[in-house]
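Peer 1: Use the sequences and the hints to build the structure in full.
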Amino acid sequence: MSEDAKKLVRGLKDISPLFGAPPEEVPVRRSPEVQVLAVSSPDCEGDSLFLNTFFASQIALPEKPCSLVSVLSRHSKGVPRVEASAPERFGDHLRRCALYWDELRDLIETSSGDRSGTLLQSRDIFLDFEYHHLLHFERALCLLDKWVLLLKPDAESLTEGYKMMKVGHALNPQLEFYVAVAGKAEEVKGGMLIGRFSDFVLKQLDVSLGWLGWLDLADPEHHFSSALHVESLSFRPWDPKPSLQKFVLAQWVESLEKKSCPGVFQEACS
Amino acid sequence: MIAAPERVFRQEIFLSIRSSIQELHADKVILEDVNGAPFLFKSKDAQIWARIFYRSMRDYSVEELQEEIRKLWVLMPNDAVLYLFYPELDRQQILKMNGVSDRLSFFEYAGPCATASEKAEIRICKWMPSWVQKTDPLPGGETRLRIAVPSDSFLTVSCLTREEIAGLSELSLDLSRG
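Taken in order, these protein sequences are the chains called A and B.
Residues 1 to 270 in this note's numbering are what the first sequence lists, from first letter to last.
Residues 1001 to 1178 in this note's numbering are what the second sequence lists, from first letter to last.
The hints are simulated quantities; they were obtained by calculation from the structure and are not laboratory data.
A virtual CB, placed ideally from N, CA and C, is assigned to each residue, including glycine.
Heads up, some of the hints might be wrong.
Distance ranges between label pairs, derived from CB positions [unchecked claim]:
| # | chain 1 | residue 1 | chain 2 | residue 2 | range |
| --- | --- | --- | --- | --- | --- |
| 1 | A | Asp102 | B | Arg1162 | 34 to 40 Å |
| 2 | A | Leu202 | B | Ser1176 | 18 to 24 Å |
| 3 | A | Ala86 | B | Arg1162 | 31 to 37 Å |
| 4 | B | Asp1045 | A | Leu120 | 29 to 35 Å |
| 5 | B | Glu1064 | A | Glu88 | 46 to 52 Å |
| 6 | B | Ala1166 | A | Glu231 | 34 to 40 Å |
| 7 | A | Pro173 | B | Asp1079 | 28 to 34 Å |
Peer 2: In structure tokens form, the structure reads like this:
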């Protein structure tokens, strides 16, 4: 510190005790831990809600809200509209809200984020959409942090899964991919299969796949005989990918929850 | 001559596919033209055409398929897309047709099956966009058809390169060997 600067500091201390007092510790405002995930399968078109609900239930925790956001086509058959003002409870730790593709597009493209200064809650969001509906708004893939693909151990499923990865990687280069295999757990065969497939994807797309394990959809009575290792789907503080769009989506979910049950929300926040 | 139950069956499939296309392209008006039923329908602006087959793709030769597509091309605007629906797709046929057009998509359907609403519905099982891979001129001066794929479509990037097709085929062979 130069002599002039030292004099200035001494002078300031003389005229006000404020400058002499040790600086108070300012509480660090941590960025909310928001991540957006999705589960898709080239072989289970129409089962997106089930798959996303299942995986969400695997990682949902009481201390961190987990939401399902279903993106619906306005002409979908047999899918009752969930009122945007009332998130639906799915079990103890999961809530589902829904919106149409055009609403999602408007939300993402026109919103400039919350300027109220209130901090968002940390949250995991599962974006539930049918893959072919991405034609409505392909940029929805840019919202995702992690994309889980449930593939069958056959050539067609792997090919279609690879195409989905290629699309996802092209639109969102930061997207992480995880693979689970549909069927009975066969550790050796599964390891070999996923090893080969993973090498291929790494070579072609320069993308590393996460391996989650097995899910036998033919065995609902035994919780689908799931042999999954979903720990890697949890939020990792060292690998955040903040994006305005993601926070806009989280903010939209939070505002719906606040509207539907403000008391519960306050309690959850406290 | 087609038996009456078969006719009803086709009609159900046709209506259900048309309804699915309307769902996919909510911004378009899909026409209900009785003349085309149960084989062909299009959107009002003629940008989307759908041709429905009721037999496996394997029952047709590549030449037959190309001829069918060429006939429709005559009627279609240059930038229109054509969806082809089959009860069963044949990947090899689709690969052989690589180069015919970048505006084709092949769908495999299953059904119809009755739903809770008593309305028969089909299920789209597979979907394969058929785009030509960009290739270099072949030895001897022969060139393959080179079609520019619109760069703004997310479908564009799902097109596989020759190297990717080879890699996936190798993987498939390993799988089939067990």
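Peer 1: Can you tell me whether the CB distance of Ala1166/B to Glu231/A sits inside 34 to 40 Å?
Peer 2: 35 Å, holds
Peer 1: Within 34 to 40 Å or not, the Cβ separation of Asp102/A and Arg1162/B?
Peer 2: 38 Å, holds
Peer 1: A range of 18 to 24 Å was offered for this pair. Does it hold for the Cβ distance of Leu202/A and Ser1176/B?
Peer 2: Holds - the Cβ-Cβ distance for Leu202/A and Ser1176/B, about 23 Å, lies within 18 to 24 Å.
Peer 1: Just to be sure I understand the hint, the distance between the Cβ atoms of Glu1064/B and Glu88/A should be within 46 to 52 Å; is that true here?
Peer 2: 50 Å, holds
Peer 1: Should the hint that Pro173/A and Asp1079/B are 28 to 34 Å apart at their CB atoms be regarded as holding?
Peer 2: Since the Cβ atoms of Pro173/A and Asp1079/B sit about 29 Å apart, the hinted range of 28 to 34 Å holds.
Peer 1: Do the Cβ positions of Ala86/A and Arg1162/B conform to the proposed distance bound of 31 to 37 Å?
Peer 2: 51 Å, violated
Peer 1: CB of Asp1045/B to CB of Leu120/A, is that within 29 to 35 Å?
Peer 2: 42 Å, violated
Of the numbered hints given earlier, the model fails hints 3, 4; all others are met.
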